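K.L.:
Chain residues, written in single-letter form:
There are 2 protein chains.
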Amino acid sequence: MNNALLDQRLQRALGHTFVRPDLLTQALTHRSFGALNNERLEFLGDSVLNCSVARALYDAFPDLPEGGLSRLRANLVRQETLAEIATNLRLGDSLRLGEGELKSGGFRRPSILADALESLFGAVFLDAGFEAAQRVVRGLFDPLVARIDPKASGKDPKTELQELLQARRLPLPEYRLVGTEGEAHDQDFIVECVLAKPALRTRGVGKSRRAAEQEAARQACAQVRK
Amino acid sequence: MNNALLDQRLQRALGHTFVRPDLLTQALTHRSFGALNNERLEFLGDSVLNCSVARALYDAFPDLPEGGLSRLRANLVRQETLAEIATNLRLGDSLRLGEGELKSGGFRRPSILADALESLFGAVFLDAGFEAAQRVVRGLFDPLVARIDPKASGKDPKTELQELLQARRLPLPEYRLVGTEGEAHDQDFIVECVLAKPALRTRGVGKSRRAAEQEAARQACAQVRK
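Residue numbers (the numbering used here), protein chains in the order written: chain A, 1 to 226; chain B, 1 to 226.
Here chain A stands alone, though its shape is the one from the complex (with noise of 0.2 Å):
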């Protein structure tokens, strides 16, 4: 598909036509690719898509407080969750990288993902205002905030196991990297989660060291809550 195709497609899935597609454009630029990119854009985009989703949080949860809220948001604009919809849109058809980037697979990165996503916020904002970034916005987060289960309230999955273990006086679980796949710059690390009551080891995998044990954390929750 070529570009102009591209750009159109893009537009159709966040549903927004720019009045400035030279705004699009930037937001779709690596830095890689050159001195007019997405950096300062992501800067404004990031603050856009905190505020709606935190909108949409205060709305959809009359009851809970402050700190529920604060956890509910950053488990939803974190970087992996953000590479995901990124991915859905098929964002990296559209990016702009520089030659080491394209060789180096970085359309598929999670944090390029996510950094043009969030520029994309910032573009629509700059293009037609706040209320039209923040439709863009709940466009995408709406049906993730729909699947929240209040009950959970937000917690990640190392603070829920360790609740979950404490509540039951078990002793708390250890993780070790246990491996690291891939080169240096696009690493997945392998982390195991260590139960010693009930006895139990689980995996993750995942682009950080943290991403992993959360990853395996979660597993754990599932196994010891069967």
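Quick caveat, the hints were computed from the structure, so don't treat them as lab data. These numbers were taken from a predicted model, which means no experiment stands behind them. Please note that the accuracy of each hint is not assured.
[Said to hold, decoys possible] Calculated from the model, a selection of chain A residues having no Cβ within reach of chain B, i.e. all distances over 12 Å: (1) Leu5; (2) Arg90; (3) Ser94; (4) Gly98; (5) Gly100; (6) Arg108; (7) Asp142; (8) Leu195; (9) Ala199; (10) Leu200; (11) Val205; (12) Arg225.
[Unchecked claim] To be clear about the criterion: a stretch of chain B counts as covered by chain A if any three or more of its residues have a C-beta under 8 Å from a C-beta of chain A, and this derived list gives those stretches: (13) 48–59; (14) 66–78; (15) 127–136.
[As the list claims (entries may be wrong)] Pair ranges (Cβ atoms, derived): (16) A/Arg201 x B/Asn88: 52 to 62 Å; (17) B/Ala184 x A/Ala74: 28 to 38 Å; (18) A/Ser208 x B/Leu5: 48 to 58 Å.
Just so it is clear, CB atoms sit at the ideal spot from N, CA and C, and this is done for glycine as well.
Starting from the known structure of chain A, fit chain B onto it as the hints suggest.
P.N.:
Frame of chain A; chain B shown alone:
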């Protein structure tokens, strides 16, 4: 002055008249006063503030990279600045505090003032939308943005002092806590910044050790630059 008059004065100072005065009241209610307080509004207002200031800086400094914008924003939205603005608005007069907080002078505490100001931004967002809230924020912050020296690039005084001394190959400063004043819940910290060369001692007072250090560093910077 009675409450109704105080509320009117505050709305005039903010440049926003509430359609739903209950939101104004809630924004001014500290958690010590009751269950329907401003904590959730503060969560919302914090994101409105960050987004509005991000936009103000984005527009005001078209050539500043993302890192510089982040630093400038961190300086503008910190508690000290918010408390100062709240004090100028005489927000303390309108606060609803519990018995204990009233007695201990909570209406002068920077954290309570800063939180209430953020809550007001959240309340305006709910009352009349983002554009209205952004107008209120910009009304208060644009004068501060206009005063920013882009060359100082938003570095905090301690960082600035360190870089100033390093550039001249001079020894780094030492910070010493020389005392505290006031009761535990409302302390002032007094910190001395000591330079070996040029031989110099400056003092800073602040509500936290860090704030006092920054103030001492600010004065040292001014002296060294002379």
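K.L.:
Minimum C-beta separation from A/Arg108 to chain B exceeding 12 Å: can you confirm that?
P.N.:
23 Å, holds
K.L.:
Can we trust that A/Leu5 is non-interface, i.e. its beta-carbon lies farther than 12 Å from all of chain B?
P.N.:
30 Å, holds
K.L.:
Beyond 12 Å from chain B, beta-carbon-wise, is A/Ser94?
P.N.:
21 Å, holds
K.L.:
Decide, holds or violated, for the assertion that all CB atoms of chain B are farther than 12 Å from the CB of A/Gly98.
P.N.:
17 Å, holds
K.L.:
Is it the case that A/Leu200 keeps its Cβ farther than 12 Å from each residue Cβ in chain B?
P.N.:
Given a closest Cβ separation of 36 Å, the condition holds.
K.L.:
Run the C-beta distances from A/Ala199 to all of chain B and say if the shortest one exceeds 12 Å.
P.N.:
At about 41 Å from chain B, A/Ala199 clears the 12 Å cut-off, so the statement holds.
K.L.:
Is the Cβ of A/Arg90 farther than 12 Å from every Cβ of chain B?
P.N.:
With a cut-off of 12 Å, A/Arg90 remains clear of chain B, as the shortest Cβ separation is near 25 Å.
K.L.:
Holds or violated: is the Cβ of A/Val205 farther than 12 Å from all Cβ atoms of chain B?
P.N.:
30 Å, holds
K.L.:
Can you let me know if the beta-carbon spacing of A/Ser208 and B/Leu5 is within 48 to 58 Å?
P.N.:
55 Å, holds
K.L.:
Are all C-beta atoms of chain B more than 12 Å from that of A/Asp142?
P.N.:
17 Å, holds
K.L.:
Test coverage of the stretch 127–136 of chain B by chain A using CB-CB distances below 8 Å; three residues minimum.
P.N.:
holds (count 4)
K.L.:
Do the Cβ positions of B/Ala184 and A/Ala74 conform to the proposed distance bound of 28 to 38 Å?
P.N.:
Roughly 32 Å apart at Cβ, these two residues keep to the hinted range, so it holds.
Consistency note: the structure conflicts with none of the earlier hints.
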